[in-house]
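Colleague: Each chain, letter by letter, is given below.
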Amino acid sequence: METHSLSTRQYGALLTASAFGAGILTLPRYLCAAAGQDGWVIVLLSGAVMCASGLLYLRLCRRYPGLSLPAIVHRALPVPAAFLSCLLLLCFFLITAASSIRVVTEVTLLYLLPNTPLWAVALVYVLFILYALQGGGRGVGRFCEMTGFLLPLSFLLLLPSLQGAQATNLAPALTCDPSALFSALPMASYSFGISLLVPVFLPLTEDPRAAGRATLPRLLFVAAAFVLICLLAVAVLGADTVSHMLFPVITLYKSVTVPVIERLDLFFLTLWTVLAVRPCLNFACAAVQLTDGALQKRVPHRGLTFAVGGLLFLLMLAQSDIILTIRIIHYLGYGYFLLGILLPILCLLSPRGRKEPSCD
Amino acid sequence: MQNDYAALCRVLADISAGADDLIRREVSLPPENIPCVIAFLDGIVNKELLNAGILTPILQPEPYCAEKSPADIRERLLRRFLCVSEVKTLSDGEEIRAELYTGGIVVLAAGMEGALILRLDGFMRRDPGAPLNDRTVSGPRDSFTESLPGNVGLVRKKLPDPRLRVRKMLCGRRTRTNIALLYVEDIAPPERVREVEARIRKIDIDGILASGYIAQLTERTGGSPFPTYREIERPDIAVAALLEGRIVVLCDHSPLALSFPTIFPELLQAAEDYYEKPTAGTFARLLRWVCFFLAISLPALYVALVSFRPEILPYDLLVTIAGLRSEVPFPVIWETLFIEFAVQIIIESALRLPEPLGQTIGVVSGIIVGQAIISASLATPMVLIVVALANICTFCIPSFSLSVAVRILRLCMVFPAALFGIFGFSLSWMFLLVHMQSLDSMGVPYLAPFAPNVPTDRKDAALRVPLRDMLHRPRSIGCTNSRRARR
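One line per chain: the protein sequences are A and B, in this order. Going by our numbering, the residue at position 44 of the first sequence is 44; the numbering climbs one at a time, nothing skipped. Here our numbering = 1-based position in the second sequence + 360.
Treat the hints loosely; a few may be bogus.
[What the hints assert, rightly or not] Straight-line Cα separation of at most 20 Å, SDA-like style, residue types lysine to any residue; simulated pairs:
| no. | chain 1 | residue 1 | chain 2 | residue 2 |
| --- | --- | --- | --- | --- |
| 1 | B | LYS819 | A | SER183 |
| 2 | B | LYS819 | A | PHE149 |
| 3 | B | LYS518 | B | ALA490 |
| 4 | A | LYS254 | B | PRO670 |
| 5 | B | LYS819 | B | GLU632 |
| 6 | B | LYS448 | B | LYS528 |
| 7 | A | LYS254 | B | GLU632 |
| 8 | B | LYS407 | B | ASP432 |
[What the hints assert, rightly or not] Label pairs and their computed distance ranges (CB to CB):
| no. | chain 1 | residue 1 | chain 2 | residue 2 | range |
| --- | --- | --- | --- | --- | --- |
| 9 | A | GLY310 | B | THR840 | 42 to 52 Å |
| 10 | B | ALA558 | A | GLY66 | 46 to 56 Å |
| 11 | B | SER737 | A | GLY310 | 39 to 49 Å |
| 12 | A | PRO217 | B | ARG525 | 41 to 51 Å |
These are calculated hints, taken from the structure and not from any lab test. Every residue gets a Cβ at the ideal spot worked out from N, C-alpha and C, and that includes glycine.
Looking at chain A on its own, in the form it has when it is part of the complex (with noise of 0.2 Å):
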């Protein structure tokens, strides 16, 4: 694959857009099933342990600078283990650019297109994905960047929801087991998994430095907005009534009730459309470019990019109904552990990383 410089603020906007998508939607069923009321709480735990991954990522970065993660892993592990971890990498964006297009897929059924097959939905958002790859990670980042607006706007048009908030629905407040909220912990943090695009997608930023500072204001933004968003969604809908919705979020858009806006329901769940299809792209560039610097460019870009979005198709039709797609995604928080904390560390720590001189 060409080299596609990405300038800071697209690499901010790529990291920003990865995480609002599948993760947001699903996330505040979740947490008011584990924790009731107290679901933010985990939020703003699996918010730690996202900017610590991100952290620590940073930090092999920068001791490896220039260079793409199947190579620092490499360096820093022995072959099998490097190699493992690079398979294990890929599969975690491929199951997750799969899981994200199948709750979007889901979404835009359920609200948009009741009547079309699944496969049909998932097929046009597979090509779009197809087509948007085909400019690499430049192109994904300037598409983040162009549409980086939606977010603040989706934001907005939340905010009149806030006149069915009740204060009464986040108390008592901090009652829940501790225990409830550790256990709950890793299935959360799959929603974060964007730290692990950092060491993905910073190597190809032009200035690696500016874009390392722009790493941490985003994270703690991105773990600021769940958290609100979590406590938005309890506050108006109760823990009781949101541990049994599918969507959540989607439901607290169609509980505006202010005129006209009412009316436009629809042009929410376009703009949620829009907004969730960017971290399915953002995961599949993350596979591509994967795959791009372990196979050290042996395979033509397009090709990779063709096989990855046919292996996204086939994974994504391969989950039989959403509640599996769900259970998926809770069980990669595992594999986010996994990959975002211990890798990282494991990097770090390794004596073969440290007899090794930093190379540009």
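For chain A, the structure is supplied; the task is to place chain B on it using the hints.
Modeller: Below, chain B without anything else, positioned relative to chain A:
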């Protein structure tokens, strides 16, 4: 020397065998009566100037007669042709042939080495009148013509900067069309100048008939309908482009200049934006952006809403549409496509017909045929309004190439909207955005300053800030001298 003269005469004889429009005049140069031949092609030489500037002086007796050396004969002839500004000497038969075919007058004299080539271009040329498309109320009203030297002169007159560089080259194996590359040396980025020049030099085609050929042959955007160049009809816009660090390409026989690199927001800008107050300029620009969106979206949005989600429409409007629709035997997509095709046919026919007839066609088709379609229940008045509005929005786009792209995209958008409703419509726009951001013009991203984001360039993109605040040239172009004004 006699041989040289005889050989060149044979070249002329060769040419005349295949060109009946070659005029060959044999005269004698007084006082020794040296045989001379004057040859030119009829129609592309100004005969009045030829008579006054070449034939009359050549036949005038000369009081002083020097030796008959070859250099002396050329000198004597040149002294006689003082009133002809463009004179050169050639001896290669092929070069002489090429000059003759491009409007040169060949003068041969016995004893003279080579041939004198004089230029008195007399091809019918029009005066620089008002531009056809990009008209302004407050701006200048001159426009480029089909004459390359004239067009270069128009630019030079407006930009008498010694650092304005004009690089000429020939393009087209058979047409040998003159191309001029204009840029300001200390503003235009050298790598972009090299890129444009290299792409033009790479062109290998038999004929270049208009600047559109160069635009297409230098593009690397595959099958994209979007133009990555700007066609300029007015010298003031060309000068503005040069001052922004762009490269302007002028082509002989074409009244349109091209500017490279071109970014998308530029195609929605007009000269008037800068000649009026910034509020007026910004308003006009925003209006054009809205028109661009509506021109592409209106029919698709109508199809998506009526076919999939009519409940979004206000109740009264919905009832009206349902009432009208009940009399039309076709699905809404066919109805929309039918009207869209009919309107496109009318536009195309009006463009090809002479002006008065074109206007008549517009009135006849718009009123009579439109009324007949409604009466025959082939379409609802609502579709007619939607399609007509979309087409009117298309005419608000200043760039003709972009408006053609919009016409095509409008038709393409209808199909996903009919298949997937609002979802298909929004996804089509996403495809479009991804496509647009993948384009570049001579290495500059097409959607700059939005993607990639260049905040300083946004002052002159969708908005137009006051001129005193436009302190820098577009950063996305990468000018060598970025400062254009000081407070």
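Colleague: Please go over all the hints and tell whether each is borne out by the structure.
Modeller: Status of each hint after checking the structure:
For a cut-off of 20 Å, the pair hint linking LYS819(B) to SER183(A) is broken: about 52 Å separates their Cα positions. Simply put, LYS819(B) and PHE149(A) have alpha-carbon atoms about 18 Å apart, close enough for the 20 Å limit, and the pair holds. As the CA atoms of LYS518(B) and ALA490(B) are separated by approximately 16 Å, the hinted pair is consistent with the 20 Å bound. Of the pairs offered as hints, the one joining LYS254(A) and PRO670(B) holds, with about 18 Å between alpha carbons and a cut-off of 20 Å not exceeded.
Only pairs whose Cα atoms come within 20 Å are accepted, and LYS819(B) paired with GLU632(B) is accepted, the gap being roughly 16 Å. Distance restraint check for LYS448(B) and LYS528(B): the Cα-Cα separation of roughly 17 Å lies within the 20 Å cut-off, and the hinted pair is therefore satisfied. Proposed proximity of LYS254(A) and GLU632(B) is contradicted: the alpha carbons are some 45 Å apart, above 20 Å. This hinted pair does not check out: LYS407(B) and ASP432(B) have alpha carbons roughly 27 Å apart, beyond 20 Å.
Between GLY310(A) and THR840(B) the C-beta distance comes to about 47 Å, which sits within the given range of 42 to 52 Å. At roughly 31 Å, the beta-carbon separation of ALA558(B) and GLY66(A) lies outside the given 46 to 56 Å, and the hint is violated. For SER737(B) and GLY310(A), the Cβ-Cβ distance of about 48 Å falls inside the hinted range of 39 to 49 Å, so the restraint holds. About 46 Å separates the C-beta atoms of PRO217(A) and ARG525(B), a value consistent with the hinted range of 41 to 51 Å.
When held up to the earlier numbered hints, the structure conflicts with 1, 7, 8 and 10 and fits the remainder.
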